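Student: Full structure from sequences and hints, please.
Residue 214 in our numbering sits at position 214 of the sequence shown, with consecutive numbering throughout.
Result set (BS3-like, lysine-lysine): computed pairs, CA atoms no more than 27 Å apart in a straight line: (1) Lys-235 with Lys-248; (2) Lys-176 with Lys-284; (3) Lys-66 with Lys-56; (4) Lys-123 with Lys-301.
The hints are simulated quantities; they were obtained by calculation from the structure and are not laboratory data. Note that this is a predicted model, so its numbers are computed, not measured.
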Amino acid sequence: MKKKIILVFGDPNSINSEIIFKSWKKLDGSVKKRIYLVANYNLILSQFKKLNYKIKCILVDTIYEKHNSDSLKIININVKFKSPFLLSRESSSKFINQSLTFAHKLALDKNVAGIINCSINKKLLSNKKIGVTEFLSNKCNLKKNSEIMLIYNKSLSVIPLTTHLDLKKVSSTISKSMIINKILKTRYWFKKNFRIDPKIAVLGLNPHNGEMRKNSEEIKKILPAVQSLKKHKLKIDGPLVADTIFIKDFKDYDIIVGMYHDQVLGPFKTLFKFDGINITLGLKYLRVSPDHGTAVNLIGKNKANPESLLKCINFISKF
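Tutor: Put into structure tokens, the structure is as follows:
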């Protein structure tokens with residue numbers, strides 16, 4: 001039996017209903033059978049009506065109910081709303097936190113392949129200083145900073161060692177052991193799921209690698225980690241200069257590891273646009289999400305690109 005796929009609606013004030021509809025229309029019937037959407041039933045119907053979308057939706061209580069593959073199966077999360085796209089901040093926050101918590105519990109079931117969450121305004125999470133990556137990591141009782149954010153494309157993947165963290169805290173957060181542990185876990189995941197031993201580039205933290213000064217993070221933390229990993233027979237280089245690698249040298253690697261979020265995500269999105277998905281490694285289950293935000297400027301305009309969500313669904317359906 002193919003495992004179930006849990007799709008979390010995410011932020012109600014967003015383009016999520018649009019990209020769900022557009023993705024659903026392109027999915028194979030065998031994949032549709034496996035999808036259960038954690039959302040608010042009436043809200044979904046209201047947004048689809050506003051957008052003039054027609055999908056048959058049915059309300060279900062569990063992931064074990066079987067229905068026609070053409071029907072979008074919705075597990076209801078209660079929320080009050082006055083208009084389709086204008087939920088209050090309080091209602092939106094409650095809805096998002098309840099949805100993610102419920103999806104986390106579902107994902108612990110051995111018959112679930114994993115979670116896909118649509119975009120979310122991080123300010124609406126119960127802890128405003130974290131993102132979904134850290135939210136689910138906390139639910140899984142992982143050690144702080146042990147989760148891995150992998151932004152994946154078949155040509156190149158990137159990892160920020162620190163995720164939703166202020167720049168002023170990056171230097172004190174990264175360490176030799178963190179670099180080693182996250183890269184070893186990522187390499188293991190690639191070998192297990194893709195059957196490849198990835199070639200990895202590790203970037204420095206400072207401009208021009210801090211000129212490799214004795215007291216720089218490059219000399220004290222990054223280089224020792226890379227040297228240690230080479231002893232484990234990894235195909236790895238670094239620390240490399242961050243301001244030039246994305247010109248052409250990125251083509252020589254499967255994974256580029258950066259020290260902070262925007263160091264690698266900005267260039268990645270410039271190169272691949274919507275052709276990437278966000279994968280969280282280290283959880284008790286597989287979690288992926290589209291690599292874009294809520295795009296509130298596009299709500300109701302029928303202009304949102306569903307490709308990243310579609311890639312998420314097709315990716316997780318292979319597990």
